[in-house]
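Assemble chain U onto chain X, guided by the hints.
Line by line, the protein sequences are chains X and U. Each residue of the first sequence is one higher than the one before, counting from 1 in this note's numbering. Each residue of the second sequence is one higher than the one before, counting from 1001 in this note's numbering.
Don't read these hints as lab results, they were simulated from the structure. Please note: incorrect hints may appear among the correct ones.
To be verified - With beta-carbon atoms standing in for the labels, derived distance ranges:
{"#": "1", "chain 1": "U", "residue 1": "S1106", "chain 2": "X", "residue 2": "T60", "range": "29 to 37 Å"}
{"#": "2", "chain 1": "X", "residue 1": "Q47", "chain 2": "U", "residue 2": "P1022", "range": "38 to 46 Å"}
{"#": "3", "chain 1": "X", "residue 1": "I56", "chain 2": "U", "residue 2": "T1041", "range": "53 to 61 Å"}
{"#": "4", "chain 1": "X", "residue 1": "K34", "chain 2": "U", "residue 2": "V1021", "range": "16 to 24 Å"}
{"#": "5", "chain 1": "X", "residue 1": "R9", "chain 2": "U", "residue 2": "S1050", "range": "19 to 27 Å"}
{"#": "6", "chain 1": "X", "residue 1": "N54", "chain 2": "U", "residue 2": "S1050", "range": "50 to 58 Å"}
{"#": "7", "chain 1": "U", "residue 1": "S1025", "chain 2": "X", "residue 2": "I45", "range": "32 to 40 Å"}
{"#": "8", "chain 1": "X", "residue 1": "I45", "chain 2": "U", "residue 2": "S1049", "range": "34 to 42 Å"}
{"#": "9", "chain 1": "X", "residue 1": "T60", "chain 2": "U", "residue 2": "A1091", "range": "26 to 34 Å"}
{"#": "10", "chain 1": "U", "residue 1": "A1091", "chain 2": "X", "residue 2": "D51", "range": "42 to 50 Å"}
{"#": "11", "chain 1": "X", "residue 1": "R9", "chain 2": "U", "residue 2": "S1027", "range": "52 to 60 Å"}
{"#": "12", "chain 1": "U", "residue 1": "P1022", "chain 2": "X", "residue 2": "T60", "range": "34 to 42 Å"}
For each residue, glycine too, the CB sits at the ideal point set by N, CA and C.
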Amino acid sequence: MAAFWRIQRVVLSVGLAVFPLFVFVDSASAVPGKLQQQILPLECIFQVVNDGSNTIIYVTPEECGVIPEPEEPVIPPTQPPSTPPLIPDTPIQPAPSISPALPIVGTVSPPSAGPGPSEETDTETDLSVLAADQARLLAFRPAAEALTLQEATIQRDQTIAMISLVGIIVVIGAVVLVVLISAI
Amino acid sequence: MVAFPAIPRELTVSIVNASGVPVASPSTAMTPIVSSYDCQTSTGTLGTSSQRLRIKNTTFNASWSVSIAATDGAGATWTNGSSSYAYNDAASGGCTGGQFTINSASASIAPQSGCTTTGISLSGGAFSTPSQNVITLASASGSAQTDCYWDVTNYGLSQAIPAERSAGTYSLNLTITAVAT
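Excised from the complex, chain X in its bound form (with noise of 0.2 Å):
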């Protein structure tokens, strides 16, 4: 009897030595991981170039490609002012100048066209800020007008200012010659 429980403890330890051998062999495992790819906006820099006569915008960098030629900006007709000017001067001549130094920063994400097994539904492109842009562009006034407007502008200040001392010193010399009559 002691035989046996003798041979039935060593073939128990012999299956607890032997069953983690078997049952905790793993042969497969995985781990995930993820890839990031980040994909910056184009940014655009327009600048415009005024020569007086001309207006060129440059759009930097290349990729951005090239915009459609401007249509001429409609510009309402300056009203002359009311009052003439008290010296009617030469035709001011504007100077050359250039203009805007400032460029502006544009952002365009381009369309999603691309062919191939990701068909995509939407398109980024946008085009309201290059839209926008270009109406800003196309709304700087030409730097011949604007320095036009303002010499006529100090013209019909200096103009004001004139018949203003006129006035006083008329009133002036009414008062004055009033008390030396009533003196009198």
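Showing chain U alone in chain X's frame:
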């Protein structure tokens, strides 16, 4: 009663840091690119000092293989939630839809102290559906050692990105698998 220790016999692959601690959410960032009207290539590295690819084999079988594949299968794409491009389109050098490539030329393998790299080879490839949806990163022949681990780093990654992709942060889930062969 005699107590017998349960010795784990396993083949595992994991991403660990420099201290050998598993990284909870391993990720690899490709170099950012600027959206363009031309096809571009972004690069990256799989396996860095802080995210090592650790292959551990304590089984009695010396032969194993470690491979990588998209978690969502061949239909997976790089996506930012609204826009996407492919990782396995080989057309036009990957510039039509997008193609992801793994280069093992720059990869290096460091064995556990006391172990060697005998019988172990590193490899790579380019995903291309439908034939190449899984890329083998490393494999061991019967001459490789057991009861060892190996840290693999510096796989070169590149992704051909088609022209005119929308700006955003794209991601692609991959799974690295080790199996006994």
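Verification of the hints:
1. U:S1106 / X:T60: 29 to 37 Å: holds (35 Å)
2. X:Q47 / U:P1022: 38 to 46 Å: violated (53 Å)
3. X:I56 / U:T1041: 53 to 61 Å: Because 34 Å falls outside the window, the suggested range is violated.
4. X:K34 / U:V1021: 16 to 24 Å: holds (19 Å)
5. X:R9 / U:S1050: 19 to 27 Å: violated (51 Å)
6. X:N54 / U:S1050: 50 to 58 Å: holds (57 Å)
7. U:S1025 / X:I45: 32 to 40 Å: holds (38 Å)
8. X:I45 / U:S1049: 34 to 42 Å: holds (39 Å)
9. X:T60 / U:A1091: 26 to 34 Å: Hint holds: Cβ distance 32 Å, inside 26 to 34 Å.
10. U:A1091 / X:D51: 42 to 50 Å: holds (48 Å)
11. X:R9 / U:S1027: 52 to 60 Å: holds (53 Å)
12. U:P1022 / X:T60: 34 to 42 Å: violated (47 Å)
In summary, the structure is inconsistent with hints 2, 3, 5, 12 from the numbered list given earlier, while agreeing with the others.
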